[in-house]
Amino acid sequence: MASGDGANGGGGGGQGKLPRKRFYRARAHSNPLSDSHFPIPISPDEVDLSQHYPRYFPSGEGEARQGDAAVPRIRFADVGCGFGGLLVGLSTLFPDTLMIGMELRDKVTEYVKERILALRASNPGKYDNISVVRTNSMKYIPNYFRKAQLSKMFFLFPDPHFKEKNHRRRVISMQLLDEYAYVMEVGGIIYTITDVEELGEWMRSCLEKHPLFEAIPEEETKADPVVKLLSTATEEGQKVARNGGQTFQAIFRRISLQE
Amino acid sequence: MEDAAVEEAEVSGGAAEFAPALVAAHPLGRSVAVAVGPELRVFDLKASSAVSLSDNSGGGSHSDAIRAISFSANGALFASAGDDKLVKVWKTDSWCCIRTITSEKRVSAVAISNDGTYVTFADKFGVIWLVTMGESGGEQEPTDNKPVSIFGHYCSIITSMKFSPDGRFIATADRDFKIRITSLPKKPLRGAHEIQSFCLGHTDFVSCIAFTCLSEGPSFLLSGGGDSTVRLWDYINGCLLDTCQVRDKVGELLEPNETEDNNLSVADICPTNDGSLVAVAIQSLNGVMLLACDLIAKKLSFLKVVTTEKCYIPTSLSSSFSADLLWTVMGASNMPNQATSQLCTRLKIIPHFKKDPLAGCDHVPTVLEDSEVPHGEKLLLALQGSLDIAKQEEVLASVLAALKVSMHKMLVKKHYSEERREQRKRGRNDKKIKK
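Taken in order, these protein sequences are the chains called A and B.
The opening position of the first sequence corresponds to residue 1 in the UniProt record's numbering, with each subsequent residue numbered one higher.
The opening position of the second sequence corresponds to residue 1 in the UniProt record's numbering, with each subsequent residue numbered one higher.
Calculated directly from the structure, the hints in this document are not laboratory data.
All C-beta atoms, glycine included, are put in the ideal place defined by N, C-alpha and C.
Take these hints with a grain of salt, some might be off.
[Said to hold, decoys possible] Per label pair, the in silico range of CB-to-CB distance: (1) A:Lys21 x B:Lys299: 53 to 61 Å; (2) A:Glu219 x B:Lys186: 57 to 65 Å; (3) B:Arg190 x A:Glu218: 46 to 54 Å; (4) A:Gly187 x B:Lys186: 34 to 42 Å; (5) B:Ser215 x A:Glu218: 37 to 45 Å; (6) A:Asp48 x B:Glu422: 25 to 33 Å.
From just these sequences and the hints, can you work out the full model?
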């Protein structure tokens, strides 16, 4: 529990003070197959947005009424958000879009939570549109999002799981793409990037084989301001850049089924 | 406290796994099949005789517990599958096995598409596989058409799988509280990637699902689960229409100490042909609960419990489209503390399983006595394996207790206290906790 104490010391501290990563060290990998022991919403109706985005859901209004078009919904999901670099970058780029990071490691999630709170405190009026949740997105994506709710999904530097017997732990697979396609609107974009060539090929081939996704031409991705953030905004991306590593991107659009 | 209970279950459950006995009635009422352990018992209701199964598929016979059985919609085909990783497809006119498919993993659910073209089965890792049967029943088909995986629930046990009445969708339920409705594409060999909806609302594992519809009308999905509820769904939109808490109703019937074990999972559900009634089998309940199902008002309401003798707790239900009989069976695949190798099951029939049995005449459905069962002793001997089951009721009761523990162990997530988890972490050699 020593680490827990450390987290308190480094986290909750002064208003607007960014948490220090050294107090939130966690193992780099987490087993997505194991049973989860954290609360999971039974259905998307139970996701309490007022907790995540208090500025958008002032207290008193209570939970967002479903079916009301005026109620903002989460539109971007960063799956495996890590320390939250991409969310912070996207927050100012799309200031009116609600986005959420999903992370399996509890201490890392704590860090991102504190980081967002600190950013909000020191930049009033900013960073109110980002939040983070501890969850296993490989198991519970449909518990958080309704059909066609998301317009962008991000999978940045996921765990490569090299061994063949562990390939089913990879966050991109034909099976899981079905679920991602379900929560994404037609026209929505899925972004993947990795520094592991083998995984890059794997992710690209899964997306190419999947009938509900099509590759986006390179000219188009070059014009997309989000693409630049993929390799520069995240902690993993910066590390790869520092070490002069190569990255492999696959950016695809959700399409409707052609039969 | 809960921890202790889980640990106890782990110890007493040991290596033994129990599978419930299953029953399936031919849709046109021609035959009835009962599966218990590796045994498949079939009785021909038209010829009034036990069926001896034959096999020219070249595969072995079932060697471990059968977990799933299913007739095709027109009754021409029958599929059985289970823990021995074999999926066997039978022609029901001759009861000859025409195809044996070997799965990589244990099979937990099986279904046949409405036109009999495809057989789908689900394994314990949540992957759904599909094989083409071919028009003529397999002989002319190349034997190398291997099963292809068409979709999956991520590492979850599939507990039930059904095709929608119109054949457009395939519904799968899992232990992670989910029901997924997947569009069946024209060429399903390339995979079924389009999800129509998720039906989310159960707060524990989903144990059984069944489609029901008004004649020529829209169809609905019913589900039962470990949270002691039966739910009615608009499955096209994934909307929960109604929930029936069976726990409260059962609580009134059972003695107080019996409800305390908190284990009133729904074991099986079976709607009537016209969709007006649902029969529900519940763990620990000696009888069958009937719910009225109003598909116009979209409501489920408690009707009554058809009680049976104390030791009879059905594990599986089935009815056919033609006859108004509800077939119920009780039993499990292993016999604990038992020398006899005989796998006994108990079969009971509830007649008049049709629209509103309370209205009209005063007739209230009751269970048929053994002497009243159609085809009498011949049928009971064929499907139960023995006639004087009465003597073995205590054995059956103990089997059911073991079955409950085994099902619980398989489907319910283990809950460990914070302390216990911390302790387990400490034992891990890749993580050092400072003293």
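Hint check:
1. Between Lys21 of chain A and Lys299 of chain B, the C-beta spacing of about 55 Å keeps the proposed range 53 to 61 Å intact.
2. One distance hint, 57 to 65 Å for the beta-carbon pair Glu219 of chain A and Lys186 of chain B, is violated here, with the actual separation near 34 Å.
3. The hinted window of 46 to 54 Å between Arg190 of chain B and Glu218 of chain A is violated, with their beta carbons roughly 27 Å apart.
4. At about 24 Å, the CB distance of Gly187 of chain A to Lys186 of chain B disagrees with the hint of 34 to 42 Å.
5. Separated by about 56 Å at the C-beta atoms, Ser215 of chain B and Glu218 of chain A break the suggested range of 37 to 45 Å.
6. Between Asp48 of chain A and Glu422 of chain B, the C-beta spacing of about 28 Å keeps the proposed range 25 to 33 Å intact.
Of the hints listed earlier, those the structure fails to meet are numbers 2, 3, 4 and 5, in rising order.
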